[in-house]
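Peer 1: Protein chains in written order, with the numbering used here: chain A, 84 to 427; chain B, 84 to 427.
Calculated from the structure, these hints are not laboratory results. These figures come from a predicted structure and were not determined experimentally. Where is the CB? At the ideal position from N, CA and C, for every residue including glycine. Just to be clear, a hint being listed does not mean it is correct.
[What the hints assert, rightly or not] Pulled a few chain A residues facing chain B out of the computed Cβ check, cut under 10 angstroms:
hint	residue
1	L87
2	I127
3	S131
4	I139
5	I250
6	V252
7	G266
8	F267
9	I342
10	L349
11	D350
12	L406
13	P415
[Claimed, not checked] Going by beta-carbon spacing under 10 angstroms, a handful of chain B positions derived as facing chain A:
hint	residue
14	W125
15	N160
16	T174
17	V188
18	C258
19	L262
20	G266
21	F267
22	D331
23	V361
24	T363
25	G401
There are 2 protein chains.
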Amino acid sequence: MKNLNIVPFVSVDQMMKIVLEVGIEPLLKDMAAYIEADFKRWEIFDKSPRVAAHSIDGVIELMPTSDGEAYGFKYVNGHPSNTKSGRQTVTAFGVLADVATGYPVLLSEMTLLTALRTAATSAMAARHLAPSGAHIMAMIGNGAQSEFQALAFRAICGVDTLRLYDIDVEATQKCTRNLADYGFKIIRCATAQEAVEGAEIITTVTADKQYATILTDNMVGTGVHINAIGGDCPGKTELHRDILLRSDIFVEFPEQTRIEGEIQQLDADHPVTELWQVITGKVKGRTSPRQITLFDSVGFAVEDFSALRYIRDQLRPGNHTELDMLADPDTPKDLFGMLLRAQP
Amino acid sequence: MKNLNIVPFVSVDQMMKIVLEVGIEPLLKDMAAYIEADFKRWEIFDKSPRVAAHSIDGVIELMPTSDGEAYGFKYVNGHPSNTKSGRQTVTAFGVLADVATGYPVLLSEMTLLTALRTAATSAMAARHLAPSGAHIMAMIGNGAQSEFQALAFRAICGVDTLRLYDIDVEATQKCTRNLADYGFKIIRCATAQEAVEGAEIITTVTADKQYATILTDNMVGTGVHINAIGGDCPGKTELHRDILLRSDIFVEFPEQTRIEGEIQQLDADHPVTELWQVITGKVKGRTSPRQITLFDSVGFAVEDFSALRYIRDQLRPGNHTELDMLADPDTPKDLFGMLLRAQP
């Protein structure tokens, strides 16, 4: 019963060390298994749309969830103009806690962890939805999330060929350079149209906060799987509406996706399938090689919960910091006495 | 533009040092001024009831708010059976962030800080509501919050006499012992009835999670101010309903208090006054020496926000820890490159 005051903390530096020690591809694979396990027990989770505080410059959100034994939440911001001042558009941290006592058991950076869990979720979904044997992926948007997506699709789906496009040529160069040692065949494309040619999986992961049309209807052939990551808040979409109408659409949590995802362009009763139902086998995912499947991903609290669970299970002496975060008086009723006894 | 990765962290130990360095009474007085300033600009705050995750053993809550420039939230649990395992019933931590960038600017323990802000809020409210010249306070419930209440009422309202009662005699002994050097006249009472005799202010601050009746109607004479702290969640009240019917009731945020406060015993349209309206002078507080005023306090996010603002203004080199909590890649789009370059 000692050290009740301590909460383990994983800093950015420690997170990088954990990732490099496990290896990024094994980690993405393991984390996808944690996420898949939580999607399998989707119904037991306490789910609610995120709690958002909007301002002119961006949004700050809290994303809580619980499986009845553990409770997790993520703090995450989205501020598109942050890059002007050298800051990240998105930063995040999160906490895992014990439901029985309410005591936090992990505080972790989640900027890197969110990039990892987003990629692991995308690839896990694609394993259930993409055409079998798919190994060529177009990736439109080559920013901060792109390399994580590429490696997750390699580790989890066997993707070995990348067709890259970004309106910012430097982003594509950076992505190519960062992935140079991972054995992909990489084709840098001059247009989004060129990138999707021959691709079996199309990942859209751009960052513009507006209604954009990264893909038009004529660009998308039959049989592909679309992994739509970038459209993730009200007013921000990437796909032309006509593509959505031709696709079978899979989502995380409809209540949230209808507000934030590509399907904000559709009627509120447009049919969508919840991904967890495919994963548990309740509903079929891909039913024909000509079908267009679309994972309209916005990111959901359960995925962060799975990622925090994974990191908690990686805690070893030396790979995290012990934070004196909880008051632990000698007797619980004597909080003031603890203060008195701290007097020099 | 350096150290964008750093978030200042105030641990429990560092919080105790800040409190002892400033001095507990001056700190309570200063913090009450921050809280009062925020009540004065109540209307600009983004207010919503807390987001609660209930379980058999207790509750975990997130309490966010924002004034448009800063954003704050508190994580707090309430687990009455925690004391059996030597844990605190309530622990808390919180974050203050910059609305313009979404970047956190402070992470702080809030178990001690919540005790301080609760006491400061009570005394600040009493300064507006208690009979003038009141200096005798009954305090029913002598647990973890009691000494903080006593000292806040001394620093802010001039209370010099305490009439103490708790069903647990040891709690009263502990409270008496802890306050021995602060110059109060302390009367230990055998019953709640005895404690309220002659008191001008009655503070109820018990912890039982049930409908309790700490005060019955016959015990409360005209002209007193009741500071009701303990009734703060659904199913937990301290006062007999008849007392409420004889009192003018002041609350923090009616939407929350009607669910959690003493007034959960009353009709949903029973008239109450919002404390901020008294503080801004929009509405009169006490209007006669015979009136019973009742502050039905449940604790609101704005008070935590004020407390975090206060602590941020106390940050000096050496009184906090710099946490590497935010990813800060050389170029914002190159999160993966940051990971690559961390390779040994």
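Peer 1: Work down the list of hints and note, for each, if the structure agrees.
Peer 2: Hint-by-hint comparison with the structure:
1. A distance limit of 10 angstroms between C-beta atoms decides the matter here; for L87(A) the minimum to chain B is near 6 angstroms, and the interface restraint holds.
2. Nearest Cβ of chain B to the Cβ of I127(A): about 13 angstroms, over the 10 angstroms cut. The hint is violated.
3. Interface restraint check for S131(A): the shortest CB-CB distance to chain B comes to about 8 angstroms, inside 10 angstroms, so the restraint holds.
4. Evaluation of the I139(A) hint against chain B yields a held restraint, the C-beta minimum of about 8 angstroms falling below 10 angstroms.
5. The closest approach between the C-beta of I250(A) and any C-beta of chain B is roughly 12 angstroms, which is over the 10 angstroms cut-off, so the hint fails.
6. Because the smallest distance between the Cβ of V252(A) and any Cβ of chain B comes to about 12 angstroms, over 10 angstroms, the interface hint for this residue is violated.
7. Nearest Cβ of chain B to the Cβ of G266(A): about 15 angstroms, over the 10 angstroms cut. The hint is violated.
8. Interface hint status for F267(A): violated, as the beta-carbon distance to the closest one in chain B is roughly 13 angstroms, over 10 angstroms.
9. About 17 angstroms separates the beta-carbon of I342(A) from the nearest beta-carbon of chain B, more than 10 angstroms, and the hint is not met.
10. Interface hint at L349(A): violated, since its Cβ lies 29 angstroms from the closest Cβ of chain B, which is beyond the 10 angstroms cut-off.
11. The interface hint given for D350(A) is violated, since its Cβ lies 29 angstroms from the closest Cβ of chain B, which is over the 10 angstroms cut-off.
12. A least Cβ separation of about 7 angstroms between L406(A) and chain B falls short of the 10 angstroms threshold, and the interface hint therefore holds.
13. Satisfaction of the interface hint for P415(A) is found here, the shortest Cβ-Cβ separation to chain B being roughly 4 angstroms, below the 10 angstroms cut-off.
14. With its C-beta approaching chain A no nearer than about 17 angstroms, W125(B) sits outside the 10 angstroms limit, and its interface hint is violated.
15. Taking 10 angstroms as the C-beta contact cut-off toward chain A, the hint placing N160(B) at the interface holds, the least distance being around 2 angstroms.
16. Hint status for T174(B) relative to chain A: holds, with the closest Cβ pair at about 5 angstroms, below 10 angstroms.
17. Hint on V188(B) is violated. Least Cβ distance to chain A is approximately 12 angstroms, over the 10 angstroms limit.
18. For C258(B), the interface hint holds, since its Cβ comes within 10 angstroms of a Cβ in chain A; the closest pair sits about 8 angstroms apart.
19. With a cut of 10 angstroms, the hint placing L262(B) at the interface with chain A holds, because the nearest CB-to-CB distance is about 8 angstroms.
20. Annotation: interface hint on G266(B) violated; nearest CB of chain A at approximately 15 angstroms, more than 10 angstroms.
21. The interface hint given for F267(B) is broken, as the beta carbon of that residue sits about 13 angstroms from the closest beta carbon of chain A, more than 10 angstroms.
22. A hinted interface residue such as D331(B) counts as satisfied when its beta carbon comes closer than 10 angstroms to some beta carbon of chain A; here the least separation is about 31 angstroms, so the hint is violated.
23. Interface hint status for V361(B): violated, as the beta-carbon distance to the closest one in chain A is roughly 27 angstroms, over 10 angstroms.
24. Annotation: T363(B) was flagged as interfacial toward chain A, and the flag is violated, the nearest CB pair being 24 angstroms apart, outside 10 angstroms.
25. For G401(B), the shortest C-beta to C-beta distance to chain A is roughly 15 angstroms, which exceeds 10 angstroms, and the interface hint is violated.
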